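Turn these sequences into a full structure, and let the hints guide you.
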Amino acid sequence: MAIYNLKVNGQTKQVDVDPATPVLWVLREHLNMPGTKYGCGVAMCGACTIHLNGNAVRSCQLPVAAVTNKEITTIEGLSANGDHPVQKAWLELDVAQCGYCQTGQIMSAAALLKSKPNPTDADIDAAMTGNICRCGTYLRIKDAIKVAAKQK
Amino acid sequence: MEKTKTNYSRRSFLKSTALTGGGLMISFSWLSEFAFAGKPGIPDVGGQFYELTGYIKITADNIIKIFNPNPEFGQNVMTSLPMIIAEELDVDWKKIVVEMGPHDNVKLGPQFTGGSNSVRMYWRPLREAGASARHMLMDAASQTWSVPLEEVTTKAGTVYHEKSGKSGTYGEFASKAAGLSIPKGIKPKDVKNFNVVRHSQKNVEGTKIVTGKPLFGMDYTEEGMLIAMIHHPPAFGMKVKSFDAAQTLKMPGIKDVFTLKLYEDGFEQAGFDTRSFNDLLVVVGNTTWEVMNARKKLIVQWEPIGDLTEKKNNFGRKQDVVIPGALESSVTQYKKMQDKAKEPATLLRKDGDPETAFKNAAKIIERTYTAPFLAHNCMEPMNFFAHVKDDSALLIGPHQAPGWIEPTVSKILNLPADKIEIRMARMGGGFGLRAYGHYVVEAALISKKIKAPVKLVYSREDDMTYGIYRPMYTATYRAALDANKNLIAFHVKGGGIPESPIHQNRFPAGAVDNYLAESWEIPSNITIGAFRAPRSNFNAAAEQSFLDELAETMGKDPIDFRLELLKRAKENPVGKNNEYDADRYAGVLQLIKEKSGWGDPANKKYSRGVAAYFCHNSYAAHVVDMVKKDGQPYVERVFSAMDCGIVVNPDAATNMVQGAVVDGIGNALYGGLTHKDGVTEQNNFNRYRIIRMKEAPKKIEVHFVQNDIDPTGLGEPPFPPVFAAVANALYKNTGKRVYNQPFNNDLITKKAF
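Protein sequences, first through last, are from chains H and S.
According to the working numbering, the first sequence holds residues 755 to 906 in order.
According to the working numbering, the second sequence holds residues 654 to 1406 in order.
For the record, the hints were derived by calculation from the structure and aren't laboratory data.
Be careful, since some hints might not be right.
As the list claims (entries may be wrong) - Sample of chain H residues with no beta-carbon within 12 Å of chain S, all distances over it, derived:
#1 Y758
#2 Q765
#3 Q768
#4 R782
#5 T790
#6 E825
#7 N872
What the hints assert, rightly or not - Distance condition first, Cα-Cα at most 20 Å in a straight line; then the derived EDC-like pairs of lysine to aspartate or glutamate:
#8 K819(S) <-> E804(S)
#9 K1246(S) <-> D1071(S)
#10 K1282(S) <-> D875(H)
#11 K908(S) <-> D770(H)
#12 K950(S) <-> D772(H)
#13 K1102(S) <-> D1043(S)
Predicted, not measured: the structure shown is a model, and the values here were computed from it.
Note that CB positions come from ideal geometry on N, CA and C, so glycine has one too.
Here it is as structure tokens:
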């Protein structure tokens, strides 16, 4: 066990965990932020996507020891009131079915729009290919990304 | 959350709740699900509520709360079912509060999500509940104002008496109305006057979903809660012989390691009391990661289970089922199915004289189709919270049918049902898997053993290798044609491991003079369960591919050929018990023909495949438009036609059909689970391929047949025909017919296993 000071959503949080503990579980079970989801544990589904220094990463394969001094943003910190353009677009298009994967999808989409404010279909496919939606809401996800891009 | 368990019959549940329904203080638990329909967020709702039927509560300040009775797994019942009540209650949808109801089959009906039943089984009860509550409020107003009831009207949560100019909110009359008895025979609205139902309403939990609020069972936590994981055997047919947990117990955060039996010997399993592994090797600790990690340090000796007999009581049908103990492999299973298919089988239906017709045929076409096991792969792996005490149990988590598992939990914990509270969390997918109860019972047993609140968590690997799969299926279809290429006989003989897929009374039964359906099964220790449109999801794939090939052989357009058969089935049906309505079936084909521009030369650039199917009392047809993308077949566009009667929430229903199409394409092309010596060869998404965004179509255009029929199924019916539409488009695209799922493998290797 070791003490880590993490920068999460603009705040410093202290946790005492094993250095190998993935950020996913630190967020969910030590910092009480369950918006980041467990889906596969092998970085193949994207449900656990967070931003690390602004980039979308899979938190299930990211040891806590590797993220000190880096800015972590989770779905809880993406916007103050759930009004990030991507979140708004998700609501406008009523994207979700079961909803479990959607926070990860939103985090991937938000990172994409940061680096490419007007993404092409191919850009969207490339950025979102790591996020599985078992309910099959991909069309609405893609449309919502385009709606969000226009809002920006 | 209050719980009223009585011995009242279901029929009387409306009445009973009115009589017991005084006011009560509502306190919201951490996981309780509620939201303003119009202003998503977490309202601060407290105060005295008056109950008008079990589904509706109103405060004097006119805060109107509607309970969704049914488990939510993405089919959007949290929104659509309250919409039905709101419609009849006559309230402003944007101002009501929606909350997940408690598990209470007396007050809130059957409460199960499965068989595309949610809307169709609640349609009438919820309309009745809404209309009755509205009537009670009007009655209360009429008494208060001393005016005739006939002169009282309502609009958007307010009661009016036009003559005297009096008006008052529902809240003003809620207390009085709650004391009235529930009226009988109140006529619901004319469907032509709907202004909530049939109008798209946003998901009431949308904001909570996009902001990551704790909605799911996996998110549940409370003070003192421990985490448990079960170390399953590495293969079907194996069990724990002995284990050494010394290293595991030394790991940080680990509390205990022990074995438990899921069911005691001789336990009579109800229909959804599944088990793949009965001896549970359990690791308990403080956090999920610690338990996951420590579990790897277990040293376990496994041994074969051998043949065993399970006592089953499937809704009254008692039988002893022998489960063979041998370790199974897909290659040998496929061979077994081929051999079994040659043996005499169980006759399911026979019309006319198929033997003679085949003997006299000018041409016989015979094709065999196969499909592998499929894993449900809900994005949220199985989990459940349990806190079992000496005299009560609290269970919280994702389950499709709490009322089916409660009697089992009651029996196993030796607690009366009214001492067991089950709270329904939003489910991260279900697809049929969460109708089964093993993980709920496991959580309860673990909590009882450790005397503490505990959340049982399955890892993705645990989830994918546990079983309860879509069965392995095969079917051989034969058609006899006369010299003029008329279809004179049709024969299907199918089976599966361990369940047969055949629906003998479905199309084209009823449309062919000489018809034969036969079935067989091969037992297995690999467990199976309902998977989105069980059996149908294979039958449609096989039968609708076969009809496509048959139409081609007969020189007919595939849609026209089906329409001809349906005309026959309508005008002069063969045999009895045909399940489908030929008119509605033809209706979706005609609609898809029109909407897809079936004959339009502009669509020649696409490899087009069509298929249709009937199940869950609904009708679906798709036209799949395929192109080559990066040298690979790619479904670029899909047109879908659905007849599911009245569509409660059109935009959400469209979403559901689009999702079913994507799910169908994915499973048709990539889905498959194989075994070697009992070991499931795919245990995570690096080996089990799920469709991803770049493989999803660019457009899925959904059209609903407009009629006023009471709602029929929606979540499942559009799924099965997608497989065949994809297969038929693949043929156009590649020149090769595919017979074995997943088609992507079939295209490459010609062998499914």
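Outcome of the hint check:
{"no.": "1", "hint": "Y758", "verdict": "holds, 14 Å"}
{"no.": "2", "hint": "Q765", "verdict": "holds, 16 Å"}
{"no.": "3", "hint": "Q768", "verdict": "holds, 16 Å"}
{"no.": "4", "hint": "R782", "verdict": "violated, 8 Å"}
{"no.": "5", "hint": "T790", "verdict": "violated, 7 Å"}
{"no.": "6", "hint": "E825", "verdict": "holds, 18 Å"}
{"no.": "7", "hint": "N872", "verdict": "holds, 18 Å"}
{"no.": "8", "hint": "K819(S) <-> E804(S)", "verdict": "holds, 11 Å"}
{"no.": "9", "hint": "K1246(S) <-> D1071(S)", "verdict": "violated, 54 Å"}
{"no.": "10", "hint": "K1282(S) <-> D875(H)", "verdict": "holds, 14 Å"}
{"no.": "11", "hint": "K908(S) <-> D770(H)", "verdict": "holds, 18 Å"}
{"no.": "12", "hint": "K950(S) <-> D772(H)", "verdict": "holds, 16 Å"}
{"no.": "13", "hint": "K1102(S) <-> D1043(S)", "verdict": "holds, 11 Å"}
Violation of the numbered hints given earlier is confined to hints 4, 5 and 9; the remaining hints are satisfied by the structure.
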